[in-house]
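These protein sequence lines are chains A and B, in that order.
Numbering-wise (my numbering), the first sequence opens with residue 1 and increments by one.
Numbering-wise (my numbering), the second sequence opens with residue 1001 and increments by one.
Hints were generated in silico from the structure; no laboratory data involved.
Since this is a predicted model, take the numbers as computed values, not measurements.
Heads up, some of the hints might be wrong.
What the hints assert, rightly or not - Each computed DSSO-like pair below joins lysine-lysine, with the alpha-carbon atoms no more than 27 Å apart:
1. Lys23/A / Lys1261/B
2. Lys36/A / Lys1206/B
3. Lys1295/B / Lys36/A
4. Lys1295/B / Lys76/A
5. Lys1425/B / Lys8/A
6. Lys23/A / Lys1295/B
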Amino acid sequence: MHLGLLQKGQTAVVTGLSPACRKEVRQRLLDLGFVKGAEIRVQNISPLNDPVSYNIYNTLISLRRNDAANVLIEIKEQNV
Amino acid sequence: MKMNTMCDVCELNASAKLKKLGDAADRSDYTIALAGNPNTGKSTVFNALTGLKQHTGNWPGKTVVRAEGSFSYDGRKFKIVDLPGTYSLLSTSEDEEVARDFVLFGKPDVTVVVVDASRLQRNLSLVLQILEITPRVVLCLNLMDEARRHHITIDVRTLSRDLGIPVVAASARSKEGIPELLKTVHQMATGSVWPSKKTVLHTPDKTGRAIDEVAHALSELDPALPNTRWLAMRLMEEDSSIITALQKEELSPKIDEEKLKPVLELASTYREELGDTYRNDLVEAIYARSAQIVKGSVASDTSQRSFRVDRAIDNIVTHKIWGFPIMFLLLGIVLWITIVGANYPSQWLSGLLLGNIYPFLKSGAQSLNFPWWLSGFLIDGVYMSTAWVVSVMLPPMAIFFPLFTLLEDFGYLPRVAFNLDRIFKTAGAHGKQALTMTMGFGCNAAGVVATRIINSPREKLIAILTNNFSLCNGRWPTQILLATIFLGALASHGGAQVIPVLAVVCVAVLGILFTFFTSWLLSNTLLKGASSFFTLELPPYRPPKLWQTLYTSFIDRTLIILGRAVVFAAPAGAIIWLISNINVSGQSVALWLIQGLDPVGLFIGLNGVILLAYIVAIPANEIVIPTILMLTALVVGSTGVGNEAGVLFEASDSQVAVLLQAGGWTTLTAVNVMLFSLLHNPCSTTIYTIYKETGSRKWTTVATLLPVLYGVIVCFLCTRIWNYFS
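One chain only, chain A, in its complex shape:
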């Protein structure tokens, strides 16, 4: 499961970054807090469906969907 598949209303926990992830992207994602154990939720979806803004450590970070696919997650709870 990766972040690109996370739906609005779900809460997930980051489990790591994809091994296929490029070095600069990996560094940047780590700097922004996409670290194992971080809780993450979808906050908003852009009107054109991409990018998506995520709430992670109380900050809204927006990523394009293809970049979000580098973040591996595990769904924690399903709210409606």
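For chain A, the structure is supplied; the task is to place chain B on it using the hints.
Chain B only, in chain A's frame:
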């Protein structure tokens, strides 16, 4: 909840010892570095300390070049360096390198790390990294007012004990905590307070061992070398500035290139062995430590009710259906206020500068017996064009920039980037280009400077090359005047007001389309490449400080840009006067040029006067219309307005219409001039700024000529199509 009393804010309080020196002080007793994540109000702290009015935008990555200021406190002079806002110090981006190298090599006496109190856990990551470099850190827990609003309480004493450094709670916007911050910085700088202990990160097995061993190898070379652990981490990352510094004996006289070799080999062996695990482990260790610290000192309302307002606003402004209309509506409102509001001060200024001061100068020159050519050159040429630029350009800029800054400070602009990113991505460009494009509506030179927020060089260049397609303030008056005179006349009585505004908005939207098209074109030809990685922080909404915003945006943007425009407009006025008054073989140089340019001009639906005006007006777009009027009067001969050659003048709309029609203008000419005003070379200020930002003649040339090429093609096509249908 602690309220701010008048005494807290009063400068006679503890900060009475504070003397703000701006950036005037050249010698200082102590150097202070100011570090922090983006969006933590770092620049506000900087301003509160130095009294400098550095503009602080509510968007990430504003301070790309480091700013310096100074203040004196209790008889000591402090130099303070505002470092770029960064999330971390581990990566290779330019911002992080500047910040990292300054904390290490600049050897500041104290490093103040500004953190957002309501996002402490995230922000602590940077604090812990800086603590690896130096223990001489003061933590400024900023935005306490926001934290209180979000029901977050922080135990400052526990936090200070856990980190081993002084912690000061503050709200720099209202100056709360600034006196305490000054006192603490002073104490640490003078040595009366010392950081108590060093926080050591517990990195897991292999990674921890690798760092320890490389650090140990460094200590063996020089036991006195400080922060070996940090240096070891940098060597593991192959940080070239650290490696060079060590090789050149800059960090230790005992370590040189030869001795460093085995250490570098050791680091590279571990790097190969650990691969991505190294960085993962390190960052996880940092976050684990942050979480531990936060657990002990922060209590928060877990239901997060207070973030509801932010979310509600976001749900509306990024709404699938309403997101875009709201964006255009806001842009429309800003433009409307600018256009309508600028009229009055413009009229007043031109009445003053052209109606009162001009005759005064003229009669003064006469009574002082100036020769006609000298008073003509100075007053009719240089003074008049400067007066035009001031009266036409100052009011819209003084309205537009503050409005724009209010939207910026509120936090709306990053949402625009969020909404538009998809389109920029398709065009192979960066989402933050939406911000620089919007900025260009005010001034292209400012827009070009703003492209510094884009990290990828390729995408930054695209943003620079396309900024000119944002219709800038200098061109709005041209658009509005022509639309009002020629298109308003076409409409019935009711439409006379709406049609011109719609026409101008159409031209602006056409400019946006050209931005997308050109970005796409460049991505597929000269600047081949796919859209790179894009991340954008959407900062929390913050109520803008109205008066401060008005003041700083006026000083920062309006006056600086106006100053540059005046510098360029004055010589342009001189040239206009000269070409109209120097005669060669029986007629003025201007007439010769107009006759030479006429065939080309008419071919694309313009005329020689317009082309010459655009050439002469390269320094400042604002003087295009007055130049056209003056040159037309010269060609047509006496028309009752502007009876002296080479003199810019003020005329009413109907007089302008009569004059231009006498000069052969039709509705088509007006439409073409509106198009050409959008699509022609940037003004010389912008060209110069592009050169400074790119450092490349080639790209400056492309940025200059490409829009002209578009303009010629578009005007030509418009003329053919128009003639076909009429």
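Verification of the supplied hints:
Annotation: proposed proximity of lysine 23/A to lysine 1261/B holds, straight-line Cα distance about 25 Å (limit 27 Å). Restraint check for lysine 36/A and lysine 1206/B: satisfied, since their Cα atoms lie roughly 18 Å apart, inside the 27 Å limit. Restraint check for lysine 1295/B and lysine 36/A: satisfied, since their Cα atoms lie roughly 18 Å apart, inside the 27 Å limit. At most 27 Å may separate the alpha-carbon atoms for a hinted pair to count; lysine 1295/B and lysine 76/A meet this at roughly 21 Å.
About 23 Å separates the Cα atoms of lysine 1425/B and lysine 8/A, which keeps this hinted pair within 27 Å; it holds. Distance check on the hinted pair: lysine 23/A and lysine 1295/B sit about 32 Å apart at the alpha-carbon level, beyond 27 Å; violated.
Consistency note: the structure conflicts with earlier hint 6 alone.
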